[in-house]
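Take a look at the letters that make up each chain.
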Amino acid sequence: MYILSNNHVLAACNHTPVGMPILAPSNMDASPGVRAPGEIARHAEICELRSGVPALVDPLKADLALAGVPDPDAVSSWQGDDVDGYDTPRHVVTPRSGLSVKKFGRTTGLTTGRVESEVTLSPVPYKSRFFTATVYFKGVWSVLGDGGIPFALPGDSGSLVVTHDGRSAVGVVFAAAQGGYGFMIPMDHVATCFSGLRLVDKHGIKP
Amino acid sequence: MTIEKAADALYQHLSGVPWLTAVGIGEHEGAPAIYLYVKSIKKADVEFLTNGWHGYHVEIKKMGTPRPLGTSVPN
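Chains H and S, in that order, give the protein sequences.
Numbering-wise (this note's numbering), the first sequence opens with residue 1 and increments by one.
Numbering-wise (this note's numbering), the second sequence opens with residue 1001 and increments by one.
Rather than coming from a laboratory, the hints here were simulated on the basis of the structure.
One thing to keep in mind: the hints can contain errors.
Straight-line distance between alpha carbons at most 25 Å, and here's what the computed SDA-like set of lysine to any residue pairs gives [stated by the list, open to error]:
#, chain 1, residue 1, chain 2, residue 2
1, S, K1043, H, G196
2, S, K1043, S, H1013
3, S, K1062, H, Y136
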């Protein structure tokens, strides 16, 4: 069993050593009334982030990383809190324009939106301690937040996007832009990464 | 021309203009459409797209530069 998030979250843009502990909550989110940060996984694999103009470097389709879970009892498939959260669906659907979706993120919590377009080419500037570069992406999808509310903000990376009814997984958030947009890697592509992934549902959920 | 090739051609045509954010493909009012994302509607020189691009409607939307959502502030 693995946890899935973005390379820039779990792997510090290609630079986290394999085997590094992944803590939850993060040290940054430690506070009174919240359980102390503890190990839930160990960094394992990445989809490499590569920089370069499209004429020289093929644009990327993913910003993803995996961390292995040594103790499955330490994690659950539940997304978000007890009030607005939902279980991870096992079923995957291909994004399409107009599809109503939702996600639960660390910063913005539950937000809803509509899938707008498959982005054919877009530069995304990365800036981290060991990796500052422009990465071109293709085949990722834009999602416009409903009611003028941003679909995602900093800290929401790695959120699972699901259909509004919660029955199907649609993508994984990795970026956002002013104007209320979030960007997601489509789950049908995610499922083909790392030699194939399958979502886990009904795992470790409190009755 | 497929909509994918038309979208690529539009990106190439606009390559280097400062107001361009991204190009996408999707649907608008039930028909395939190209989405042109621009940093500023006012500054975008898009009159040539009024009647579409290679037969496809072009929907012009304001959007800033996409950025990865690394954690920057405590909850």
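Against the structure, the hints:
With a C-alpha separation of about 44 Å, the suggested pairing of K1043 (chain S) with G196 (chain H) is violated against the 25 Å cut-off. With a CA separation close to 17 Å, the supplied pair K1043 (chain S) and H1013 (chain S) stays within the 25 Å bound. With a C-alpha separation of about 19 Å, the suggested pairing of K1062 (chain S) with Y136 (chain H) holds against the 25 Å cut-off.
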